[in-house]
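J.: Listed below, chain by chain, are the residues.
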Amino acid sequence: MANKIDFLEHKLDANALIQGILTISSIDPSLGSLSVKANYSIVREVFLSNLLSLLKPKRLKKIYPFQNPTDFAKNINMIDTLTFGMPKYNEDIFSSDNLALILTNTEKMEKGIATFLRDKIKNNKDKFFIALDESENDEVPRANLSDYLIFFINLNGTRYKDLKTISLNRKKIAQARENLATVEVNKKIHNYLIGSADMFSISNMHTIFSTLKVAKAICAYKGEKTVSREDINLAISLSMIHQAKQIPEFRQEKQEEASKEEQLRNDNESKATNSELNSEDKKMLIDALKISLPSNLIESLLSKNSQSISFGEAAGSGERNINFFAGRPIPSINRKYSSDKRVDLIGTLTKAIPWQKLRSSSITKNRKISIYPQDIMIKRFEKQSERLLIFLVDASGSNAIGRLNEAKGAIEILLSDAYAKRDNVALISFSGLKADPLLLPTKSLVTAKKKLSSLPGGGATPLANGLLEAFNMADTARSRSIKPIIILLSDGRGNMSLDGVGDRVKAIEDTTYIASLIKRNAINNIFIDTSRRKTPMGDELARELNGHYFQLPMANSNSISKAIQQSI
Amino acid sequence: MNKYFPFSAIVGQEQMKLALILTAIDPSIGGVLVFGDRGTGKSTIVRSLAGLLPKQNFVIDCSFNCQNSFSLCDQCKKKKSLEFEERSTPVIDLPLGSTEDRVVGALNLEIALTEGRKVFEPGLLAKANSGFLYIDEVNLLEDHIVDLLLDVAASGENLVERDGISIRHSSKFVLIGSGNPEEGELRPQLLDRFGFSVNVGSPSEISQRIEVIKRRDEFERDPQAFLRKWRRKDLTVQKKIIHAKNTLDNIKLDDSILSKCAEICIAVGSDGLRGELTLLRALRALCAFNETTKPTLEDIREIAVYTLSHRLRRDPLDDTSSEVRVKRKVNELIDGK
Chain Z
36 MANKIDFLEH KLDANALIQG ILTISSIDPS LGSLSVKANY SIVREVFLSN
86 LLSLLKPKRL KKIYPFQNPT DFAKNINMID TLTFGMPKYN EDIFSSDNLA
136 LILTNTEKME KGIATFLRDK IKNNKDKFFI ALDESENDEV PRANLSDYLI
186 FFINLNGTRY KDLKTISLNR KKIAQARENL ATVEVNKKIH NYLIGSADMF
236 SISNMHTIFS TLKVAKAICA YKGEKTVSRE DINLAISLSM IHQAKQIPEF
286 RQEKQEEASK EEQLRNDNES KATNSELNSE DKKMLIDALK ISLPSNLIES
336 LLSKNSQSIS FGEAAGSGER NINFFAGRPI PSINRKYSSD KRVDLIGTLT
386 KAIPWQKLRS SSITKNRKIS IYPQDIMIKR FEKQSERLLI FLVDASGSNA
436 IGRLNEAKGA IEILLSDAYA KRDNVALISF SGLKADPLLL PTKSLVTAKK
486 KLSSLPGGGA TPLANGLLEA FNMADTARSR SIKPIIILLS DGRGNMSLDG
536 VGDRVKAIED TTYIASLIKR NAINNIFIDT SRRKTPMGDE LARELNGHYF
586 QLPMANSNSI SKAIQQSI
Chain F
746 MNKYFPFSAI VGQEQMKLAL ILTAIDPSIG GVLVFGDRGT GKSTIVRSLA
796 GLLPKQNFVI DCSFNCQNSF SLCDQCKKKK SLEFEERSTP VIDLPLGSTE
846 DRVVGALNLE IALTEGRKVF EPGLLAKANS GFLYIDEVNL LEDHIVDLLL
896 DVAASGENLV ERDGISIRHS SKFVLIGSGN PEEGELRPQL LDRFGFSVNV
946 GSPSEISQRI EVIKRRDEFE RDPQAFLRKW RRKDLTVQKK IIHAKNTLDN
996 IKLDDSILSK CAEICIAVGS DGLRGELTLL RALRALCAFN ETTKPTLEDI
1046 REIAVYTLSH RLRRDPLDDT SSEVRVKRKV NELIDGK
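Chains as they are written, first to last, in this note's numbering: chain Z, 36 to 603; chain F, 746 to 1082.
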């Protein structure tokens, strides 16, 4: 019972989107790539099965986020080769036509495989890529993959009963395929397209060009000769809007407005301070802090920290992890072979040689040496695991006066430390009602610094919210086997509860709870207290976090230096 | 003949094009690093190189790309007579996530298992010999692969000691790296290996962007016709490259130019002497390409930024772009006198 939905007329809900996307990608097969944002749910499964039943691929292949690109190349198949005594190969899956690929958990995907797939998607001719993205709100899927996916659908919020069986107008599609080559685009449309891309700050020419291709396919489907503005508009909403970055001026205005509102709302809190220091002052401040903070601060704190936490840490606790494909080689072990592992040939032969006499029955003219699967030795490698420094900065009114700039200075020094270590950094600030992830994990320290210097101060202190945000980010990082470290710069005086109520007692309760969550999960943390003198609240928080604690007193470089020396 | 977008049809991006042409003229310049956002045409330009580069003579059936002028590999040394064929200059991709085996080469498992013989299966470094090696997202490359590349790039030779194999073959290539600076920094050692560093962005003018879209559209609609249309222009550039290669040795660099280059390098504080050397080589190649006999101050002005901007001792937190700093110094020194 197919429903009569026509994506040209219909509101673009999940059903109309499936129909539209499939229609367009059947007309122009180079456009077959779709990003599906949804957690695992019955809705997603039904959606996928609807999609696949219409797509009718000859083959379906799933790709998991931790696979190695070499798995997909034409590769020798070790087990079969040994069993049959002649070379057997895994086929190159990308050589088969009419193939649909489901990429699972793209938000966790490793760089290598993501880049490999991105290249395939970029030069797609006839395959259909479905990238499943289960990221939470604060997580971004590997940008270098999502930038090249043409369509996007967000299933969160779609209910099971909304999904309908849909059909494609195959006859019209077949006609459209023939007409596609003759579709014309005039200059006005080109202008319009570039103008719209500009409005969404899209500079990626691939996105712009594929939007044009989508528009052409729509035009062909309608049976028209030249692309109309209507076609372009539909194409933009299908394949461009989800790549849009905000327009800079607009965002700035919004920020200003927001901070103004906050100022008004929090009159009892101290007035917001201007975060902009002139460059000379900033330099002096940094120089002063440079003298006082030892250069290897993070390193020394951490090595102590990992000892002070008595809880057994989860897998990958050390700085190094052992894996089967990349890094520094270490002695191989006897394991079952699978395509994600690499065989240590010499080791394998050494293991097989003592048995050759016993196995002599299977040695023939073509097979000079007999190796059984249980002889196989697998290469192992050791890899330095990545680290993520999460800077959690208190930008509230109570902290802002005078302290915020010092905190910024301290972070800049820690950042140059991070540069030397090639760490990932993230930046979360909290003030007013909520915590705001200003910078998602990145290796670009210049971006980190830019974000930091434009950080405004003022408002209440939602410390609990900030800690929760940092905890979530740390947790996500862990699931990607990156070691997180939370660095909190605050006066520890939270006055905003998790649900956004200005209730001091509840706020402390919530803060303590989240802090204990961080402790229980054994996430390394450093608490740099920015209050003028030690407060019971700061003390309490430090105890609860069970990490490293020290104060950043008034800028007397000698005393800071001494204090730190003592605390280490 | 090739299915890639033609070099000459690419709109704008003149800096990157010039940098690639100069390294094609003189491979000892040492490679090009291209930083820019996604979708600015970085990889399109690199792929188009294949159609542009002049053909070279290679030994037939040699998997190490042996050439007449270069030192021969062990196999070719054993051959009684060498036969040559004309092949296009290789442009090899080094994908992220490549294993060490793929890069340096390894034991050929098939032959080892079936025939019990040790045969070396050449890797990407062999394929890229006397050609170009392209790494997309070079700033995300794994550290142990970077180490390998540094070693080979420095010695021009790939030495394999693994799986009971010991082999040595020449591996001289022009390294081209591209990446998005927002995703991470590049290790200074690797940075230093690149002769040029160029920043690319999307064309800022609407008219240029429209031209990009139009040409791409035309290309996809009828690649053959499009290639034919631009082939002549590509060939003109190719001829110029061949001509420049031949006249490279005739370019004279007099002392005034040498001292100016040294002055600039000292003024910007570039690390080591590689900056001067690259600058001089690049100047020579530029003159050969422009068919002049002597570099001028304007030539220095044009090229100094690309050869020096990535060699400054960097403060990771200083966000004034090093390009601006170099430009300022160069202008000061050239106009000051």
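Honestly, the hints are just simulated from the structure, not real lab data.
Just so it is clear, CB atoms sit at the ideal spot from N, CA and C, and this is done for glycine as well.
Honestly, I wouldn't trust all of these hints.
[As the list claims (entries may be wrong)] Here are the computed distance ranges between Cβ atoms for each label pair:
1. S514(Z) <-> D892(F): 44 to 54 Å
2. D892(F) <-> Y195(Z): 48 to 58 Å
3. A279(Z) <-> R976(F): 51 to 61 Å
4. D806(F) <-> R94(Z): 33 to 43 Å
J.: Hint by hint, note whether the structure agrees.
T.: Hint by hint, here is what the structure shows:
1. S514(Z) <-> D892(F): 44 to 54 Å: violated, 29 Å
2. D892(F) <-> Y195(Z): 48 to 58 Å: holds, 53 Å
3. A279(Z) <-> R976(F): 51 to 61 Å: Since the Cβ atoms of A279(Z) and R976(F) sit about 38 Å apart, the hinted range of 51 to 61 Å is violated.
4. D806(F) <-> R94(Z): 33 to 43 Å: Since D806(F) and R94(Z) have Cβ atoms about 36 Å apart, the given range 33 to 43 Å holds.
Hint check: violations occur at hints 1, 3; the rest are consistent with the structure.
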